[in-house]
Amino acid sequence: MLRPIAVSELLDRWQFAVTIIYHFLFVPLTIGLGLLVAVMQTLAYRRHDPEWDRLARFFGNLFLINFAMGVVTGIVQEFQFGMNWSNYSVFVGNIFGAPLAIEGLLAFFMESTFLGLWIFGRNRLPPVIHLATIWLASIGTILSALFILAANSWMQHPVGYRIVGHKAVLANFWAILGNSTLWAAFAHTVLAAFLTGGMFLLGISVWKLVRQGDRAFFRPVKLAAGLSLVCILGVIVSGDFQARLMDEQQPMKMAAAEALYNTEAGASFSLLTIGNLSGQPIFQIRIPHLLSLISTVSWNGEVQGINQVQAAEEARHGPGSYIPVIWVTYWSFRSMVGLGFLILIVAGWALLLARRRRTDLPRWFSWVALAGIAMPFLANTAGWIFTEMGRQPWIVYGLMRTSQATSPTVVVSSVAVTFGGFVLLYTVLGVVDLWLMKRSALRSLSEADEAEEDEEGEDRRGSAGAALVY
Amino acid sequence: MTGPVASLNTSWFALIGLLWTGYFVLEGFDFGTVLVAPFISRDEIDRRLCINAIGPVWDGNEVWLIVAGGATFAAFPQWYATLFSGFYLALFLILAGLILRGVSFEFRGKEPGIRWRRSWDWSMFVGSLLPAFLWGVAFTNLIHGLPIEADGLYRGGLLGLIHPIAILGGLAGLSLFCLHGATFLTLKTTGELRSRARRSAAALTAPTVLLLAGLVVWLALEGSPTPNPDGLTGALPLALAALGAALVLLAGWGRLHNDDWVAFALMAASIVAVVGAAFTTLFPRVMVSTHAGQSLTIWNAASEHETLLVMTVVAALFTPLVLAYQAWTYYVFRQRLERPAQRRDPGSTPAGAR
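Chains A and B supply the protein sequences, listed in that same order.
The first sequence maps to residues 1 to 470 in the numbering used here.
The second sequence maps to residues 1 to 354 in the numbering used here.
So that you can see chain A by itself, here it is in the shape it has in the complex (with noise of 0.2 Å):
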């Protein structure tokens, strides 16, 4: 069944693999740590709030540690179609490429520029004019996931397009923009990225209030519980719209997610499997008609097999395996959901604890809330995995597959050169970005700020001279 697979394509497949998924533990947390900083900082202006101010400084610090890390792994991606898979970039550069352009010159322009004004213009600009510069970055990341997601979403799901030759061709890039798929998954990721970010504010606020006692951190845990649950509950109810547009647009996906090898009607739901996925289980849990539910909205709703999908898609693009890894798209899929309810329960009760317990928290619940940082992080890089090898083996549905993408000029040992540069710069970075990020996060917030003081305290007192920020 499995398709042999050449070790350039695997090659290609796992370095874009590994710095897509590295890139994207960087995003999620700019998007939603960004606006939390914006929130912080208007919380700050409008009530002349100095302690709002210091919380907003303090996490601006660690937004920032973290964007530089998101914003230098991005570049990669820009340059990876052209560099891996220049066969792809030729099929689908008439379409895929213009929401490329338009990420880069209306988001990333807005976020680089205005980010610039926000760190280096703290003390030269009007404070309404230095908070709207957090904003408009805030608002230049969500943009940049907007346009990103609506390439990919052309990939799951294509639109507005003509083939001509051997190239996809526009025919009407409103219907790229107005992608059932791309506000599905726009909605679900770019609220799964705010979640990131409120867990992460959460985790370590709850630390420094229980753990340091600093009573200043008390009202982000607020802010983050309250935040957090909003958004889990809005990823779960745009997760479960995007489950029916699965199944409507790649059944193959939605069964694959299943393992269900067999069209059933009232199809059950697995929660975990023990032994093969093959249909001879050791042990599983199922939950009756979950799956129909889920993917159709009604009892006993029909659920399209593996079997009944490949023969399908045989009979209409020819023989071959049409069916991903199963085991991959099961377990991240199941990763996935199971983190989001388990990030519904840390969040729910954050804000019960918070709401009742006033500030002192239990001390145990410092390792909870700490464990929660990483809870969307994990979802997230689960999520992407199964909706990118869900898709295989195709690279864009239905019209090219992933084996016929790769470069046909790039050899073997070049890809084996950079990625293994790619691993151990990355490697090295992350363990630098962690460290940095530890310590900055366990500085108290008088540090921080003697800190600050100590890098730029002359200037402030002194008026046009240096601002020494790095």
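Everything labelled a hint here was simulated from the structure, so no lab data went into it.
Treat the hints with care, as some may be off.
Said to hold, decoys possible - Below, computed lysine to aspartate or glutamate pairings styled on EDC-like, alpha-carbon distance capped at 16 Å:
id	chain 1	residue 1	chain 2	residue 2
1	A	Lys438	B	Glu111
2	A	Lys222	A	Glu447
3	B	Lys110	A	Glu447
Chain B: place on chain A using the hints.
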């Protein structure tokens, strides 16, 4: 396939030329600043002044590259595909450099330790050196010609890109960026640091002009490897290249008169002229092939009309906006960076020790 000069293909070629011009004018002084800084800094404060001079703008400058890449992908997919896959390892080195640079700026000041900061100084130096050199190599190859085959692909690998004239192109670019950076630092600093930046700019002027002139003469003598019947007639590319070199000399004259703004503007204009020379030489080709009739051109590498049209509308709407707010950033941070009055070296004072 060819077509009229006044067409969407031509305007997209021009726009991509403009994006690269913006990138080299802006990131050019970023590169140069980092590369010159170690040679003109006497202490930690000097170093920080140099880095902070580009601090608010480096990231926005780098986006010009991303947009140039994205615009090439959208408007000329075959160019994007052949260039990026053909220059695979070179681009990896550029990416590695840009990654190192970017995190260095952000991480360096986050910890006070001297070893921490020296490490990032090294990483940003190497991270700037690689792209500053390799962009020149890449563009020289585009013009000088590569064995692009009938399927529009280049299979020569990294070694096929490294040859004497390409290395000369790399050095010319490197030198131009260093000079641009030194000129920028002269404009952005005061006192002793400014004097040293100014001296390094003066020292870089002659080598830059010689390298540029050498490159242009060499390329002109060799001529195009294959005929370019649709190319721009006359001596426009040569005139632009000569103008570029002349502007470098003029910037030196501005420097002599302590007119830092004029010197910087002239250096920026010089880069505009040099990139303009590169693109007018290419036109209407985007990658020159050493095999007759197999160059990639703005016709055979382009997207269809619909994409070009949509992208034209988007570019027309948003490019002016971007230019406006980026210009505003430069206006906000127009002041020279002054050495803090208080003589204390933050680099040697651990934050916790106070």
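Status of each hint after checking the structure:
1. A:Lys438 x B:Glu111: holds, 12 Å
2. A:Lys222 x A:Glu447: violated, 24 Å
3. B:Lys110 x A:Glu447: holds, 13 Å
The structure is inconsistent with hint 2 alone, although it conforms to all the rest.
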